[in-house]
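**Student:** Please build the complete structure, drawing on both the sequences and the hints.
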Amino acid sequence: MANNTSVRVRFAPSPTGYLHIGGARTALFNWLYARHTGGQFILRIEDTDAARNTQEAVDVILNGLRWLGLDWDEGPASHDATGPSKGTHGPYFQSQRSDIYRRRVQELKDKGFAYEQDGAVKFRMQREPIVIPDLVVGDVRRELTDREQEDPDFVIIRSDGQPVFHFVNVVDDLEMGITHVIRGEDHLTNTAKHIALFQAFGVEPPQYAHIPLILNPDGTKMSKRDTGASLATYQGGYFAPEAVVNYLCLLGWSPKDNREVMPVREVVERFDLPQILRHNARFDMTKLQWLNHEYLRTLPAERYDAVTAGFLKRSSIDASGFDTAYISAALATFRDKAKQLSEDPGVARFYFSDAIAYDPEAVKKDFVPDNKPRLGKLRDAFAQVEPFKADALQAALTKTAGELGVKAGVLVHPTRLACTGRTVGPSLYHLLEVLGKERVLQRIDAALAQIK
RNA sequence: GACCCUAUCGUCUAGCGGUUAGGACACCGCCCUUUCACGGCGGCGGCACGGGUUCGAGUCCCGUUAGGGUCGCCA
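When you line the first sequence up against this note's numbering, it's residues 2 to 453, in that order.
Keep in mind that a hint or two might mislead.
Stated by the list, open to error - Calculated cross-link-like contacts (lysine to aspartate or glutamate; reagent style EDC-like; alpha-carbon spacing at most 20 Å):
id : residue 1 : residue 2
1  : K87       : D74
2  : K87       : E75
3  : K314      : D355
4  : K288      : D227
5  : K87       : D60
6  : K314      : E344
7  : K366      : D446
What the hints assert, rightly or not - Derived CB-CB ranges, DEER-like:
id : residue 1 : residue 2 : range
8  : D219      : D446      : 52 to 58 Å
9  : P388      : T424      : 24 to 30 Å
10 : A282      : S79       : 33 to 39 Å
11 : A396      : T325      : 37 to 43 Å
12 : W291      : R125      : 18 to 24 Å
13 : T325      : G347      : 17 to 23 Å
Hints in this document: simulated from the structure, not taken from any laboratory.
Keep in mind it's a predicted model, so treat the numbers as computed, not measured.
Every residue gets a Cβ at the ideal spot worked out from N, C-alpha and C, and that includes glycine.
**Tutor:** Set out below in structure tokens:
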């Protein structure tokens, strides 16, 4: 950070068709560090494995990063490997950098660091232990494993001519002027190879910061199939990207002052490498949901509407016949009840369908003969309310209850059941206001017809 | 098998030689309340184990155990 040179960090995913939550967190930490230091965040697509690379797979990565709000200063400008890009260190797709790799292999051969064997090219690895200076873990002295003792050299170009990860990764970091490599701890021991490669090129290696991994709740490695492992899980509705970003910041990094709900702007200010934790963290969906609810409650109206649009789609509620103001007002009544929405998306259906399915248990309790005249009287009172606003509706209900000599709750419950079919939901008076007089009276009439 | 990293409530974490070991999520009570939720108050619950060093160890050292990672013509 106190360097003269500007920080250049990168996220270098392989297009596999999905974006792992751990990968998203790695991208986030790199982005945070770049933004904190005023440096550059570079996106590089490691698509050397041509067989499984598709534009759709690239889209998943680009869209995932955009959804999270992680903008890159250099990198692809489209999902097309041969398409336009931002930045002067391109191409940013490895599949387009063959000439560079060819040149660099020749350089190693010329220097005596590489040789051919069985049609492949191998790197002459040193046998002495290599010290990996890591900004998170400290100095790590890496010795050869017994397996490596037998043959410390490793392949950098496959016999089919394709360069391997260790090689292209180093060459690209070198060519792109990367100053800090922030990546998962699963790369820590392999970093010895990378340092040896940098040294062979006669270049000072970048600084390394290996961040802990994200594990399943049971402590096992989180892989593709595990719950919550794919970022796509959060993009489909329910989750505000702000909440996901906030949660990810807190996995493996701590502001050290017990703060938890922190807008990313503030994290950018305070984020730094020394505060990164050294131990792996388990993924806790419950806590993410809590954070999500915190955000849903306080998000600006526009953002709230955007996120809740996902709720509707996900719960297959058809709101096409309703104008945006109505939809917005309806969902706003769930602002501080996001938990209901995420646990049971159907709770919002009554706003968009007149086919009310009454909760059978509640019917037994609330649609009883005694309540018929009461509900009828309330209906008449509501019919007089103009304008049809929450405050006035509450006053009308309270007044009616008084005249009837019953507590407000006696009227509240049957009314809620009549209008929503449920026993839980938003504030009664506010939901009535949104529904509007016509729908409310019609629904109460329908309920009255049900009661014997 | 070898090499590397890690170890505080169930989970995420604060702690950087002297603390009644703090906070958050979850859970359980009570309060608030037209439901649910929010909020408030309280409760449950932790320094993996064994040796050192020290007047004193969650904090430092060593070992054990456990978890994770790596050793590929995958990335």
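**Student:** Of the numbered hints stated previously, which ones are contradicted by the structure, given in increasing order?
**Tutor:** 11, 12
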